[in-house]
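There are 2 protein chains.
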Amino acid sequence: MPSTIYDQLCATVREVSLIRSTESTLSWDQETHMPDKALAFRAHQMSWLSGKAHAIATGRMMQKLLDKAQSTKLRDPKAAANLKVLVHDFQREAKIPGKLVVEESESASHAKHAWIEARKQSDFATFAPHLEKMLGIAQRKADLWGYAEEPYDALLETYERGTRTREVAALFAKLKPDLTQIARAAVERGKSIKPNLLRGHYPVAKQQTLNAEIAASIGFDFKAGRIDTTTHPFCTTLGPRDVRLTTRYDEKDFTSSLFGVLHEAGHGLYEQGLPESDFGLPSGRACSLGIHESQSRLWENHVGRSRPFWQRWLPRAAEIFPHLRKISLEDFLAAVTRAEYSFIRVEADEATYDLHILLRFAIERRMVSGKLAVKDVPEAWNAEFKELFGMSPPDAAHGCLQDIHWSMGGLGYFATYTLGNLNAAQLYATALRQRRIASAIELADYAPLLNWLREKVHTHGGAPLPGEIMQGATGKPTDARHHLKHLRERFVG
Amino acid sequence: MPSTIYDQLCATVREVSLIRSTESTLSWDQETHMPDKALAFRAHQMSWLSGKAHAIATGRMMQKLLDKAQSTKLRDPKAAANLKVLVHDFQREAKIPGKLVVEESESASHAKHAWIEARKQSDFATFAPHLEKMLGIAQRKADLWGYAEEPYDALLETYERGTRTREVAALFAKLKPDLTQIARAAVERGKSIKPNLLRGHYPVAKQQTLNAEIAASIGFDFKAGRIDTTTHPFCTTLGPRDVRLTTRYDEKDFTSSLFGVLHEAGHGLYEQGLPESDFGLPSGRACSLGIHESQSRLWENHVGRSRPFWQRWLPRAAEIFPHLRKISLEDFLAAVTRAEYSFIRVEADEATYDLHILLRFAIERRMVSGKLAVKDVPEAWNAEFKELFGMSPPDAAHGCLQDIHWSMGGLGYFATYTLGNLNAAQLYATALRQRRIASAIELADYAPLLNWLREKVHTHGGAPLPGEIMQGATGKPTDARHHLKHLRERFVG
Numbered sequence: 001m002p003s004t005i006y007d008q009l010c011a012t013v014r015e016v017s018l019i020r021s022t023e024s025t026l027s028w029d030q031e032t033h034m035p036d037k038a039l040a041f042r043a044h045q046m047s048w049l050s051g052k053a054h055a056i057a058t059g060r061m062m063q064k065l066l067d068k069a070q071s072t073k074l075r076d077p078k079a080a081a082n083l084k085v086l087v088h089d090f091q092r093e094a095k096i097p098g099k100l101v102v103e104e105s106e107s108a109s110h111a112k113h114a115w116i117e118a119r120k121q122s123d124f125a126t127f128a129p130h131l132e133k134m135l136g137i138a139q140r141k142a143d144l145w146g147y148a149e150e151p152y153d154a155l156l157e158t159y160e161r162g163t164r165t166r167e168v169a170a171l172f173a174k175l176k177p178d179l180t181q182i183a184r185a186a187v188e189r190g191k192s193i194k195p196n197l198l199r200g201h202y203p204v205a206k207q208q209t210l211n212a213e214i215a216a217s218i219g220f221d222f223k224a225g226r227i228d229t230t231t232h233p234f235c236t237t238l239g240p241r242d243v244r245l246t247t248r249y250d251e252k253d254f255t256s257s258l259f260g261v262l263h264e265a266g267h268g269l270y271e272q273g274l275p276e277s278d279f280g281l282p283s284g285r286a287c288s289l290g291i292h293e294s295q296s297r298l299w300e301n302h303v304g305r306s307r308p309f310w311q312r313w314l315p316r317a318a319e320i321f322p323h324l325r326k327i328s329l330e331d332f333l334a335a336v337t338r339a340e341y342s343f344i345r346v347e348a349d350e351a352t353y354d355l356h357i358l359l360r361f362a363i364e365r366r367m368v369s370g371k372l373a374v375k376d377v378p379e380a381w382n383a384e385f386k387e388l389f390g391m392s393p394p395d396a397a398h399g400c401l402q403d404i405h406w407s408m409g410g411l412g413y414f415a416t417y418t419l420g421n422l423n424a425a426q427l428y429a430t431a432l433r434q435r436r437i438a439s440a441i442e443l444a445d446y447a448p449l450l451n452w453l454r455e456k457v458h459t460h461g462g463a464p465l466p467g468e469i470m471q472g473a474t475g476k477p478t479d480a481r482h483h484l485k486h487l488r489e490r491f492v493g
Numbered sequence: 001m002p003s004t005i006y007d008q009l010c011a012t013v014r015e016v017s018l019i020r021s022t023e024s025t026l027s028w029d030q031e032t033h034m035p036d037k038a039l040a041f042r043a044h045q046m047s048w049l050s051g052k053a054h055a056i057a058t059g060r061m062m063q064k065l066l067d068k069a070q071s072t073k074l075r076d077p078k079a080a081a082n083l084k085v086l087v088h089d090f091q092r093e094a095k096i097p098g099k100l101v102v103e104e105s106e107s108a109s110h111a112k113h114a115w116i117e118a119r120k121q122s123d124f125a126t127f128a129p130h131l132e133k134m135l136g137i138a139q140r141k142a143d144l145w146g147y148a149e150e151p152y153d154a155l156l157e158t159y160e161r162g163t164r165t166r167e168v169a170a171l172f173a174k175l176k177p178d179l180t181q182i183a184r185a186a187v188e189r190g191k192s193i194k195p196n197l198l199r200g201h202y203p204v205a206k207q208q209t210l211n212a213e214i215a216a217s218i219g220f221d222f223k224a225g226r227i228d229t230t231t232h233p234f235c236t237t238l239g240p241r242d243v244r245l246t247t248r249y250d251e252k253d254f255t256s257s258l259f260g261v262l263h264e265a266g267h268g269l270y271e272q273g274l275p276e277s278d279f280g281l282p283s284g285r286a287c288s289l290g291i292h293e294s295q296s297r298l299w300e301n302h303v304g305r306s307r308p309f310w311q312r313w314l315p316r317a318a319e320i321f322p323h324l325r326k327i328s329l330e331d332f333l334a335a336v337t338r339a340e341y342s343f344i345r346v347e348a349d350e351a352t353y354d355l356h357i358l359l360r361f362a363i364e365r366r367m368v369s370g371k372l373a374v375k376d377v378p379e380a381w382n383a384e385f386k387e388l389f390g391m392s393p394p395d396a397a398h399g400c401l402q403d404i405h406w407s408m409g410g411l412g413y414f415a416t417y418t419l420g421n422l423n424a425a426q427l428y429a430t431a432l433r434q435r436r437i438a439s440a441i442e443l444a445d446y447a448p449l450l451n452w453l454r455e456k457v458h459t460h461g462g463a464p465l466p467g468e469i470m471q472g473a474t475g476k477p478t479d480a481r482h483h484l485k486h487l488r489e490r491f492v493g
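If you're matching them up, the sequences are chains A and B in order. Start counting the first sequence at 1; every next residue gets the next number (our numbering). Start counting the second sequence at 1; every next residue gets the next number (our numbering).
Please note that a few of the clues may not be correct.
For identical chains, the list gives no copy identity; a pair is met inside one copy or between any two copies.
[Claimed, not checked] No farther apart than 30 angstroms at their CA atoms in a straight line, the calculated lysine-lysine pairs in the DSS-like style are these:
1. Lys78 to Lys37
2. Lys223 to Lys112
3. Lys456 to Lys37
4. Lys386 to Lys120
5. Lys375 to Lys112
6. Lys252 to Lys206
7. Lys120 to Lys223
8. Lys37 to Lys52
9. Lys64 to Lys52
10. Lys52 to Lys99
11. Lys223 to Lys206
These aren't lab readings, by the way, just hints derived from the structure by calculation.
If we strip away everything but chain A, and leave its shape as in the complex, we get (with noise of 0.2 angstroms):
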């Protein structure tokens, strides 16, 4: 039995968090192998261990062992950090009430539907009541939840703990006219390298047989989480041993899912890595979405385009897909460093990927300050898409539609993305400095980059803000800086 109310409290806590595990579990079962009959049943199913969820975290019992919590005196210093963020969740919780919760569950699967629809026939005006509707949903929520300096704070709080939208707005304003210079300098190189290289049939089974040995060669833990196939790829955790990874697979080009799966095993070695005995508690729990994408974007982006990577894995890949071997290294880095414009984020490479971001975040600021009306958003949005991209998309699906974040209700998202850019190569920097990391780097052995990783940022869990990991791990806050030298080196070089 709990022997201290500090003990009681924990116990409470992973309660809620085992049944918000069992929700992913079933939501897991839903994206890879349920058959679709089953769906009507498997909402009722989700929502009752919602329900169950969401009236321990916010009821009366909790409330009063944090009350109790906060009177006594924590000396592990751990115990008092888990429960400064267990009060600012409750109290951020409790500021919403159940009513706005239902109707933006609710709106947003309305929502949800009416953007399927419109990205399909490419008709803003369709989806343009839903977004306002979300929209208005976030305004009250940034309203009731509170904020320092704008609205669009409290929104960011959900993703990225104490982290203000000046300072993100600051970073991005200084990355901007190097983004732009860097990615025209990229997307004129790649002209010059032939696009489609890399063609060939690439059967699946095969596929996964060299996704499987990479994964496991940079650390995943297969007794400790999977991987299966859907069309959108994610990673989630279903339990302190237990990570579920997806890609989706091209037969007509291996490095789709390949990049995918590094992508989400560098989500999932995090995920692994957190300390298993705090498992749901603050302490056991990822940081904030910018800590997360830090570690997909190093081990995709920073380990899985670099040479080092491919001298080592090129030679197995074409045991594997003969035809490879007539292809060098050097046409190989080049191919899958390949720049060009696109209208379509998630096709984005990594020159040009953080222009959306930039011109996400600024739009959605606009929103929901007020600033920009949502029937404004199309002609806003491709005024900056012309200016960053210097072409304009050819349509709404291509443009503001294209993306199914604003109809979940998940303003405040975006930034995250390019603040996992700037971690990731501001960790990969650090680490690199060591000598020892970066000579077994060198030959392709990652684990001593990994333990690093595991050292500075995974172990700490989500106790410390983002803005705390960045300054232990590397002795400053988040920076723009890496990034952009990262980039220069890759593309401009």
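Mind docking chain B on chain A? Use the hints.
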């Protein structure tokens, strides 16, 4: 909101079912996909769910609703039948104190481990104290439940509601002389059939193609179900339109996975045929194990090992596995109905299977009544085996240690396998009396047969007793005649 007491009762009962179906989903994942290290946390998730379900199923609210519903007049006969079953189940569950439930589950967990070791070493002494423990718990449960004639009645009631031990014993006594005679003749005939006629190389992916085609052709709905791979095949229902089958593959013999799929698909067709709108209520669930097994055996043996079935499917199988082209229909049928004596029940063929059950039923009944001491089980087993099969198991692993059931406390379960065989033969013979069904079957068209089973068996769910299902469908209670006739025609002929 539910308006009547009965509606409220149904809502509560459905909530229990929803929680248990969630548990089934986690359990399915555990058997099919879960990584090894996830086991401990999965156990926590499952026991949380099971605790919630148990609390509602046996709680005061449930008792109050049942009491109130019993004091109202239910005009709808289905509602009245459901209420009767719910009261029956509640009273049985309420009679077992929570402490005993925990004791049983913990003892079973130890017993299962001990059984695995004991079977590996073929050492009954290691398992004996655990069997003693599980038997004692079963006897205490039987006493708590109460019984009309002998304690075994109370255990049988768990699996075959409304069926008395005496009735089963009478059926089995009638079967015994004929079955041993048929088995002897079948084994004799089997000696003239080449045992390895179908040996070859059958890649798993190709087996999966054939199995899926066949399962779909007999009516299994893949939009409401799927087939995965496990060591021990099973069928589990995760929701009203979500039935999951599993099978295992032998790359040297495609019939192993195929008959497995036909068997599990038989269970699956039953589950898919239960009334969707009654899911969670007695009228929306399977009636009994003996009825369930009748469906699996009917499709596996009566349909799946018949001439018209292979007239249709052997050419298709030979398309997929070209070396089958040289095998005649005659030889193929002989191969899939070849009988031989074997020590292991799960490997037994149709002609000898029931002998294994007769043995277990006799041993169990004597154990439960206290007439056979645990220490004397191996000797009693071997003596009974000698009488039925004319040979003696070489060791306990091939004798009384072979089955998992006792380690799980599943005393009273085995009889339902043979009841299933009897029911299968009786249902199939009755259906065949309709010319429309019989002539369709000659063309391997099973839609009319499935429709008949839907109407006579599936659609009634578990509100009636198994005896009432059999009476309604065939005009008679379960009888030995049809099964014996079928075996004679197939194996003695």
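* **30 angstroms Cα threshold - placement of Lys223 relative to Lys120** => Result: close only across copies, 25 angstroms inter versus 40 angstroms intra.
* **Within, between, both or neither: Lys37, Lys52 at alpha-carbon 30 angstroms** => Both, since 25 angstroms and 27 angstroms are each at most 30 angstroms.
* To do: Tell me, please, which holds for Lys386 and Lys120 at an alpha-carbon limit of 30 angstroms: within, between, both or neither?
  => Result: close within a single copy only, 23 angstroms intra versus 72 angstroms inter.
* Asked: Is the C-alpha distance from Lys64 to Lys52 at most 30 angstroms within one copy, between copies, in both cases, or in neither?
  -> Cα proximity of Lys64 and Lys52: in one copy and across copies (18 angstroms, 23 angstroms).
* **Homomeric proximity label, Lys223 with Lys206: Cα distance no greater than 30 angstroms** => Both. Shortest intra-copy (21 angstroms) and inter-copy (28 angstroms) distances satisfy the 30 angstroms Cα cut-off.
* Between copies, within a copy, both or neither: which fits Lys456 and Lys37 at Cα up to 30 angstroms? -> This pair counts as between: shortest inter-copy Cα distance 25 angstroms, intra-copy 45 angstroms.
* Copy assignment of Lys223 with Lys112, given that the CA separation must stay at most 30 angstroms -> between (36 angstroms within a copy, 23 angstroms between copies)
* Between the shortest in-copy and the shortest cross-copy C-alpha distance, which are at most 30 angstroms for Lys252 and Lys206: within, between, both, or neither? -> For Lys252 and Lys206, the Cα distance is within 30 angstroms both inside one copy (12 angstroms) and across copies (23 angstroms).
* To do: Go through the copies and call it for Lys52 and Lys99: within, between, both or neither, with a Cα cutoff of 30 angstroms.
  => Cα proximity of Lys52 and Lys99: in one copy and across copies (16 angstroms, 26 angstroms).
* **Up to 30 angstroms CA-CA - Lys37 versus Lys78, copy category** => This pair counts as between: shortest inter-copy Cα distance 26 angstroms, intra-copy 46 angstroms.
* To do: State whether the alpha carbon distance between Lys375 and Lys112 is at most 30 angstroms within one copy, between copies, both, or neither.
  => within (18 angstroms within a copy, 65 angstroms between copies)
The structure meets every hint from the earlier list without exception.
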